[in-house]
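Trainee: First to last, the sequence lines map onto chains D and L. Just so it is clear: in the first sequence, position 27 is 27 by our numbering, and no numbers are missing. Just so it is clear: in the second sequence, position 162 is 162 by our numbering, and no numbers are missing.
These aren't lab readings, by the way, just hints derived from the structure by calculation. Just so we're clear, the structure is a prediction, and the values are computed from it rather than from any experiment. Keep in mind that the hints are not guaranteed to be accurate.
Only part of the chain L face toward chain D is listed, based on derived beta-carbon distances under 7 Å [claimed, not checked]: (1) Gly90; (2) Leu131; (3) Gly137; (4) Ile157; (5) Val164; (6) Ala182; (7) Ser184; (8) Met235; (9) Phe261.
Keeping only pairs whose Cα atoms sit at most 20 Å apart, straight-line, the calculated SDA-like set for lysine to any residue is [said to hold, decoys possible]: (10) D:Lys228 x D:Val305; (11) L:Lys152 x L:Arg188; (12) D:Lys233 x D:Glu203; (13) L:Lys152 x D:Glu203; (14) L:Lys152 x D:Phe172; (15) L:Lys152 x D:Ala333; (16) L:Lys251 x L:Leu12; (17) D:Lys82 x D:Asp37; (18) L:Lys152 x D:Lys228; (19) L:Lys152 x D:Arg274; (20) L:Lys152 x D:Gly117.
C-beta: ideal position from N, C-alpha, C; glycine also.
Now for the letters of each chain:
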Amino acid sequence: MRLVALDGYAEKRGFHIGQGVAEARAMCPEIDVLPADPAADRALLEGLADWCCRYTPLVALDGDSGLFLDITGCAHLLGGEKALLDDLLARLFHLGVEARAAISSSAGLSWAVARFGSEGIIAPDEATRVLAPLPMAALRLPRETIETLGRVGLKQVGDILEAPRAPLARRFGAILLLRLDQALGREDEPLSPRLPVAALSVERRLGEPVQGEDDILGLTEELALRLKPELEKRGQGGRLFELLLFRVDGAVFRIAAGTSSPLNEPRRVAGLFRERLQAVHEDLDAGFGFEILRLSVPKSEKYEVMQEDFSGTPDRERPLAAFADRVMARFGAESLLVPALSESHVPERAATFRPLTDLALIGKTEEPGENIPAPLLAAAARPQRLFPSPEPVEAVAEVPEGPPRSFRWRRTLHRIARAEGPERIAGEWWLDGEPAMERDYFRVEDERGRRFWLFREGHYGAATPPRWFMHGVFA
Amino acid sequence: MADKAVQRETVLSLRETIARIENRRLPGVVRAAKAADPGGFRQREEDESGRKALALGVPDLDALLEGGLPLEGMTEIRNAETRDAGAAAGFAAALGVLCQQARLEKGETAAPVLWISQSMASNEAGMPYGLGLKAYGLDVRGLVFSLPRTVKDALWIAEAALSVPSFCAVILEIRGNPAALALSESRRLHVRSRAGHVPLLLLRQSGHEEASSAFFRLLVEPAPARERPLPDGSMLRGSIGHPVFHVIAEKSRAPAPLGFFLEWNPHDRRFYPVEPLPAAAAADPEPAHSVARLSASSGRSGRPQALGELVAFPRAS
Numbered sequence: 001m002r003l004v005a006l007d008g009y010a011e012k013r014g015f016h017i018g019q020g021v022a023e024a025r026a027m028c029p030e031i032d033v034l035p036a037d038p039a040a041d042r043a044l045l046e047g048l049a050d051w052c053c054r055y056t057p058l059v060a061l062d063g064d065s066g067l068f069l070d071i072t073g074c075a076h077l078l079g080g081e082k083a084l085l086d087d088l089l090a091r092l093f094h095l096g097v098e099a100r101a102a103i104s105s106s107a108g109l110s111w112a113v114a115r116f117g118s119e120g121i122i123a124p125d126e127a128t129r130v131l132a133p134l135p136m137a138a139l140r141l142p143r144e145t146i147e148t149l150g151r152v153g154l155k156q157v158g159d160i161l162e163a164p165r166a167p168l169a170r171r172f173g174a175i176l177l178l179r180l181d182q183a184l185g186r187e188d189e190p191l192s193p194r195l196p197v198a199a200l201s202v203e204r205r206l207g208e209p210v211q212g213e214d215d216i217l218g219l220t221e222e223l224a225l226r227l228k229p230e231l232e233k234r235g236q237g238g239r240l241f242e243l244l245l246f247r248v249d250g251a252v253f254r255i256a257a258g259t260s261s262p263l264n265e266p267r268r269v270a271g272l273f274r275e276r277l278q279a280v281h282e283d284l285d286a287g288f289g290f291e292i293l294r295l296s297v298p299k300s301e302k303y304e305v306m307q308e309d310f311s312g313t314p315d316r317e318r319p320l321a322a323f324a325d326r327v328m329a330r331f332g333a334e335s336l337l338v339p340a341l342s343e344s345h346v347p348e349r350a351a352t353f354r355p356l357t358d359l360a361l362i363g364k365t366e367e368p369g370e371n372i373p374a375p376l377l378a379a380a381a382r383p384q385r386l387f388p389s390p391e392p393v394e395a396v397a398e399v400p401e402g403p404p405r406s407f408r409w410r411r412t413l414h415r416i417a418r419a420e421g422p423e424r425i426a427g428e429w430w431l432d433g434e435p436a437m438e439r440d441y442f443r444v445e446d447e448r449g450r451r452f453w454l455f456r457e458g459h460y461g462a463a464t465p466p467r468w469f470m471h472g473v474f475a
Numbered sequence: 001m002a003d004k005a006v007q008r009e010t011v012l013s014l015r016e017t018i019a020r021i022e023n024r025r026l027p028g029v030v031r032a033a034k035a036a037d038p039g040g041f042r043q044r045e046e047d048e049s050g051r052k053a054l055a056l057g058v059p060d061l062d063a064l065l066e067g068g069l070p071l072e073g074m075t076e077i078r079n080a081e082t083r084d085a086g087a088a089a090g091f092a093a094a095l096g097v098l099c100q101q102a103r104l105e106k107g108e109t110a111a112p113v114l115w116i117s118q119s120m121a122s123n124e125a126g127m128p129y130g131l132g133l134k135a136y137g138l139d140v141r142g143l144v145f146s147l148p149r150t151v152k153d154a155l156w157i158a159e160a161a162l163s164v165p166s167f168c169a170v171i172l173e174i175r176g177n178p179a180a181l182a183l184s185e186s187r188r189l190h191v192r193s194r195a196g197h198v199p200l201l202l203l204r205q206s207g208h209e210e211a212s213s214a215f216f217r218l219l220v221e222p223a224p225a226r227e228r229p230l231p232d233g234s235m236l237r238g239s240i241g242h243p244v245f246h247v248i249a250e251k252s253r254a255p256a257p258l259g260f261f262l263e264w265n266p267h268d269r270r271f272y273p274v275e276p277l278p279a280a281a282a283a284d285p286e287p288a289h290s291v292a293r294l295s296a297s298s299g300r301s302g303r304p305q306a307l308g309e310l311v312a313f314p315r316a317s
């Protein structure tokens, strides 16, 4: 067992990471050792990353102990870089998180200063001056490289700043100069943000936190109202809206609501979140209230502006879209389905359901199965209800290939009066890959007039006796 | 004199209101009064006498339903056993086809049918099958299907759907007689349906008769089909033709339940009245040697069950 992390006091006592626990106990018997929980650490870091979304949407994780915030163009919103940094550190301190931060013009320099330096904000032309006295570890180098550098007496970054580059690269690898250039801002270092940045977002910071659902919805509508001119300017409507709720104690809730057609109407946006809040009611703990609300549009599409006419015929699409949005916001995107036909012989594959994604397609889609000629469809009788998985039945049938005479389904005996068939449907080997059993389908009617769709899998006289299944019921 | 006219106006408007509540035709006096114009001009005759109905094309049934399927309000369709669910669902789907067609004939854009099926109902009786429904006459491009988990969710979706004028019919499929859909809930749906001008078909799968706000309750049973006709006019022996339903109007204005045998023709997309087959009539009554309808129990204890056990039969009112 080895130490993986230390607090400030332990560092002062001279422990170091990687030390054995027994050795540490011998040095100081009263130390408190907690088992490491990397998953919880990760969750905390991600929670903090979410929380940092209040400063900028571009937040990237840095290993398992740091965060990169790209505050380009954001600092003035919070009163300048200094105000932003002070605010960030003060809030984190009140959350009980010990953090160090630095602002500079490159990610590498900020990393170095936050960990090894003391200055908070570094002007672009001071990079060399600030970096020179820092130890080599500030350059994010692998351990072997640092040790090799140390062996030849290069302990500080300043030692290599003025040194000729070619011998350094030859001796210590390209990584040394890459990291140096990144820290000095000569090489670009892209950050990969955790979450895609929304095209548009508006937020509202509240002096007094809100708790009530109605307050949240009212504020959401207000935000949507501010969003509308921007969307209109771009000629777009949102297909996905995301509401970020920043709770006063640092927790952040993300609630996304999709729409079935591009939308920019504030009332309907608020209505979407009304249903979403109903659905996530249990998970959304308002606690002491939310202090920041942000509404963003991660996904938008072209919005067709329609001219109202005087004919008085109500527009069908829009109320249908409103209905679909309400239902899908409440019960999920899979709650409304439309039939999807495909060209297949296997019945369960020929007609399935897919989620209603685009309303414009209702009544207009040309399905691949559309061009099945009607007579063919009529000849091949298909049931009106199909069991997703065929149910086994015990049947008495004519040997070898005749229709069943009676069968027992769900413990009830049905005597068959008439039967049509067989219709042989073979497995689709080009999809299933293995020789699927062929099925002989019979359409049967029992004495009371119930019509069923039965099939036999296998043949009489084969090694294994055939099995009968109920696959559907006719009208 | 003026007092009398005012009284007469009041009485007439009251009678009109009552007729609307009861979903009946307007009384002749009211109609005459409405048609008469003080200026002496003849007003355009109202084509509907206060209620909208979709004729099913079967004169007897239409007469019983007072014009046909009510296009504003709830109609209940039930079946007794799960294995009859195919017939009831087929009858409801046929009504959906008729609603779709009526919209098209009026020259309006095609409106979708919404089929809400509580997931247990579809698990027990099978999922609606696109190809089969297409062959049945339904325009499956105009079908929206929903599979909510609970009855409550199903009712919520139905209520939301009835308040938008986008659907030509809403089919709500519920299994049994759940407590979540009692008289007050059915009343609520019925009122929504009347206000939204969208017909609601409550498809009660293997449920009992229960008091509800529906205008009519139809019990649908399967009936043996005719044989397929051959081009020369004869019938193909042993074949199974178009589906036939035995529709019994359990709740209607008729004094006693009336039964009709209807055949659905998917090609013509309409019902035809048919005579019951003698075989069906013969199969119906008690057999000579009466045996229990259920199979003998096997693999269970033969002892009688303890008295006082609760069974899942809900209140039938």
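Trainee: Each hint should be assessed against the structure and marked as holding or not.
Mentor: Consistency of the hints with the structure:
| no. | hint | verdict |
| --- | --- | --- |
| 1 | Gly90 | holds (2 Å) |
| 2 | Leu131 | holds (4 Å) |
| 3 | Gly137 | violated (10 Å) |
| 4 | Ile157 | holds (6 Å) |
| 5 | Val164 | holds (4 Å) |
| 6 | Ala182 | violated (23 Å) |
| 7 | Ser184 | violated (22 Å) |
| 8 | Met235 | violated (12 Å) |
| 9 | Phe261 | violated (10 Å) |
| 10 | D:Lys228 x D:Val305 | holds (13 Å) |
| 11 | L:Lys152 x L:Arg188 | holds (13 Å) |
| 12 | D:Lys233 x D:Glu203 | holds (19 Å) |
| 13 | L:Lys152 x D:Glu203 | violated (36 Å) |
| 14 | L:Lys152 x D:Phe172 | violated (69 Å) |
| 15 | L:Lys152 x D:Ala333 | holds (18 Å) |
| 16 | L:Lys251 x L:Leu12 | violated (28 Å) |
| 17 | D:Lys82 x D:Asp37 | violated (34 Å) |
| 18 | L:Lys152 x D:Lys228 | violated (35 Å) |
| 19 | L:Lys152 x D:Arg274 | holds (18 Å) |
| 20 | L:Lys152 x D:Gly117 | violated (61 Å) |
When held up to the earlier numbered hints, the structure conflicts with 3, 6, 7, 8, 9, 13, 14, 16, 17, 18, 20 and fits the remainder.
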